[in-house]
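Under our numbering, the first residue of the sequence shown carries the number 1, and numbering increases by one thereafter.
Since the hints were made in silico from the structure, they are not lab data.
These numbers were taken from a predicted model, which means no experiment stands behind them.
We put the beta carbon where it would ideally sit given N, CA and C, even for glycine.
One should not assume that every hint holds.
[As the list claims (entries may be wrong)] EDC-like mimics (lysine to aspartate or glutamate), calculated; alpha carbons at most 20 Å apart, straight line:
(1) 169 / 193
(2) 147 / 132
(3) 116 / 132
(4) 169 / 143
(5) 91 / 66
(6) 3 / 72
(7) 113 / 143
(8) 240 / 151
(9) 3 / 151
(10) 240 / 137
(11) 169 / 217
(12) 91 / 34
(13) 138 / 95
(14) 52 / 231
(15) 169 / 124
(16) 169 / 37
(17) 169 / 72
(18) 42 / 267
(19) 256 / 199
(20) 240 / 217
(21) 3 / 124
(22) 80 / 66
(23) 80 / 168
(24) 52 / 193
(25) 138 / 8
(26) 52 / 32
(27) 207 / 193
(28) 186 / 48
(29) 52 / 72
(30) 64 / 34
(31) 80 / 20
(32) 207 / 242
(33) 186 / 95
(34) 15 / 95
(35) 256 / 217
[As the list claims (entries may be wrong)] Pair ranges (Cβ atoms, derived):
(36) 96 / 240: 30 to 36 Å
(37) 267 / 200: 34 to 40 Å
(38) 179 / 222: 25 to 31 Å
(39) 38 / 266: 46 to 52 Å
(40) 126 / 253: 20 to 26 Å
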Amino acid sequence: MNKNLVIERSRDFIKVLGPDALSFLQGQLSQDVESVEPSSSKWSFLLEPSGKVVAWLRITCLGKEEFLLDMDSGFAELVKDRLSRFLIRTKCTLEVSPMSMVTYLGPESETPKELKNLVPLLMDWPNLKALDYISSEKLEIVEIQPKEAWDQFRVIAGIPAMGTEITDKTIPAATGQIDRSVSFTKGCYTGQELVARVDSRNAGPPKHLVILDGGGDPPAPGIALSHEGSEVIEITSSTKTESGFCALGYRHRSNKEINRINYEGFDIEVREI
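Taking the hints into account, I'd like the entire structure generated from these sequences.
Structure representation (structure tokens):
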């Protein structure tokens with residue numbers, strides 16, 4: 001894969017401002033917001049009281065009374081509406097904010113000059129190390145890849161997306177992002193009960209996100225891959241690679257031991273996120 005790339009990103013942003021911003025978010029997000037240091041970020045789930053996912057997002061601490069939530073494009077209003085339902089006698093505001101974001105892949109020492117004055121947010125994933133840069137102004141960079149280019153990188157890294165891997169029927173444990181996005185030592189937060197209950201079970205969630213690598217053309221999202229006559233994995237995203245394809249999909253826990261399948265004559269490796 002090419003290095004030293006700058007990719008335009010399509011993200012939504014919400015600013016949470018006010019003296020109660022920290023305590024409010026601490027009671028609403030699965031992440032321990034109190035542990036987020038200034039100018040740093042962590043991933044989190046925002047849940048319904050039932051424990052189903054409203055959004056998977058990143059929270060950045062901009063100051064003692066100022067936080068920034070960023071999420072996949074098209075979900076800001078949904079997140080704001082969900083948070084607003086619990087914004088009762090709380091001294092903080094929610095502002096959907098138009099902002100610009102790019103992802104840089106390459107050595108930090110070679111970061112384009114247009115990004116030098118911005119504080120980077122580290123993207124540290126298997127098969128992907130990158131830096132995100134967010135600005136309140138449009139980031140004008142000479143050589144920039146279109147938004148669509150990001151999809152290949154995120155699929156190969158196993159990063160789920162809202163609307164494909166994560167919907168309103170998804171529970172956090174199914175996504176493979178519990179360790180990254182959930183604190184089991186913080187106090188109570190909305191939707192906590194289901195997260196804790198599933199975590200305590202040896203069986204785990206009914207289905208789990210997996211990543212697939214194989215030859216041939218990528219299977220289209222929605223296709224179900226079979227093994228010995230039974231459907232075992234439903235594809236949610238896929239992309240071409242130099243050796244064939246990489247894809248994300250959900251495998252039922254009853255098929256957990258199936259780590260290799262055949263698809264259109266090619267041997268496909270399957271592993272959990």
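Against the structure, the hints:
For the proposed pair residue 169 and residue 193, the alpha carbon gap of about 16 Å is at most 20 Å, so the pair holds. Under the criterion of a C-alpha separation no larger than 20 Å, the hint pairing residue 147 with residue 132 is consistent with the structure, at around 13 Å. For a cut-off of 20 Å, the pair hint linking residue 116 to residue 132 stands: about 12 Å separates their Cα positions. Distance restraint check for residue 169 and residue 143: the Cα-Cα separation of roughly 39 Å exceeds the 20 Å cut-off, and the hinted pair is therefore not satisfied.
Restraint check for residue 91 and residue 66: the C-alpha separation of about 12 Å stays at or below 20 Å, so the hint holds. Pair hint residue 3 plus residue 72 does not hold up; C-alpha atoms about 24 Å apart against a cutoff of 20 Å. Of the pairs offered as hints, the one joining residue 113 and residue 143 holds, with about 12 Å between alpha carbons and a cut-off of 20 Å not exceeded. Of the pairs offered as hints, the one joining residue 240 and residue 151 holds, with about 10 Å between alpha carbons and a cut-off of 20 Å not exceeded.
Taken as a hint, the residue 3 and residue 151 pair is honoured in the structure, with Cα atoms around 16 Å apart against an allowance of 20 Å. Restraint check for residue 240 and residue 137: the C-alpha separation of about 33 Å exceeds 20 Å, so the hint is violated. In summary, the hint linking residue 169 to residue 217 is not supported, as the alpha carbons are separated by about 29 Å, beyond the 20 Å threshold. For a cut-off of 20 Å, the pair hint linking residue 91 to residue 34 stands: about 17 Å separates their Cα positions.
Between residue 138 and residue 95 the CA atoms are separated by roughly 18 Å; this keeps the pair inside 20 Å, and the hint holds. As the CA atoms of residue 52 and residue 231 are separated by approximately 25 Å, the hinted pair breaks the 20 Å bound. Taking the CA atoms of residue 169 and residue 124, the gap is about 27 Å. The hint is violated against a cut of 20 Å. Straight-line distance between C-alpha atoms of residue 169 and residue 37 comes to about 32 Å, which puts the hinted pair past the 20 Å bound.
Pair hint residue 169 plus residue 72 holds up; C-alpha atoms about 17 Å apart against a cutoff of 20 Å. For a cut-off of 20 Å, the pair hint linking residue 42 to residue 267 is broken: about 36 Å separates their Cα positions. For the proposed pair residue 256 and residue 199, the alpha carbon gap of about 17 Å is at most 20 Å, so the pair holds. The straight-line distance between the Cα atoms of residue 240 and residue 217 is roughly 7 Å, inside the 20 Å bound, and the hint therefore holds.
The straight-line distance between the Cα atoms of residue 3 and residue 124 is roughly 16 Å, inside the 20 Å bound, and the hint therefore holds. At roughly 16 Å between alpha-carbon atoms, residue 80 and residue 66 fall within 20 Å of each other, so this suggested pair holds. Taken as a hint, the residue 80 and residue 168 pair is honoured in the structure, with Cα atoms around 15 Å apart against an allowance of 20 Å. Restraint check: the Cα-Cα separation between residue 52 and residue 193 comes to about 11 Å, which is no more than 20 Å; the hinted pair holds.
At roughly 11 Å between alpha-carbon atoms, residue 138 and residue 8 fall within 20 Å of each other, so this suggested pair holds. Distance restraint check for residue 52 and residue 32: the Cα-Cα separation of roughly 19 Å lies within the 20 Å cut-off, and the hinted pair is therefore satisfied. The straight-line distance between the Cα atoms of residue 207 and residue 193 is roughly 19 Å, inside the 20 Å bound, and the hint therefore holds. Note on residue 186 and residue 48: the hinted pairing holds, with a Cα-Cα distance of about 18 Å set against a maximum of 20 Å.
Between the alpha carbons of residue 52 and residue 72 the distance comes to roughly 17 Å, so the proposed pair stays at or under 20 Å and holds. Among the hinted pairs, residue 64 with residue 34 is consistent with the structure: their alpha-carbon atoms are about 10 Å apart, no more than 20 Å. Straight-line distance between C-alpha atoms of residue 80 and residue 20 comes to about 16 Å, which keeps the hinted pair within the 20 Å bound. With a C-alpha separation of about 29 Å, the suggested pairing of residue 207 with residue 242 is violated against the 20 Å cut-off.
Between the alpha carbons of residue 186 and residue 95 the distance comes to roughly 26 Å, so the proposed pair goes past 20 Å and is violated. A distance of roughly 5 Å separates the Cα atoms of residue 15 and residue 95; the hinted pair therefore holds under the 20 Å criterion. With a C-alpha separation of about 24 Å, the suggested pair residue 256 and residue 217 falls outside the 20 Å cut-off, and the hint is violated. At about 35 Å, the beta-carbon gap between residue 96 and residue 240 stays in the expected band of 30 to 36 Å.
About 36 Å separates the C-beta atoms of residue 267 and residue 200, a value consistent with the hinted range of 34 to 40 Å. Residue 179 and residue 222 have their C-beta atoms about 29 Å apart, which keeps the hinted 25 to 31 Å range intact. Under the hint 46 to 52 Å, the C-beta atoms of residue 38 and residue 266, about 48 Å apart, fit the expected range. A hinted range of 20 to 26 Å holds for the C-beta pair residue 126 and residue 253, which are about 22 Å apart.
Checked against the numbered hints given earlier, this structure breaks hints 4, 6, 10, 11, 14, 15, 16, 18, 32, 33 and 35; the rest are met.
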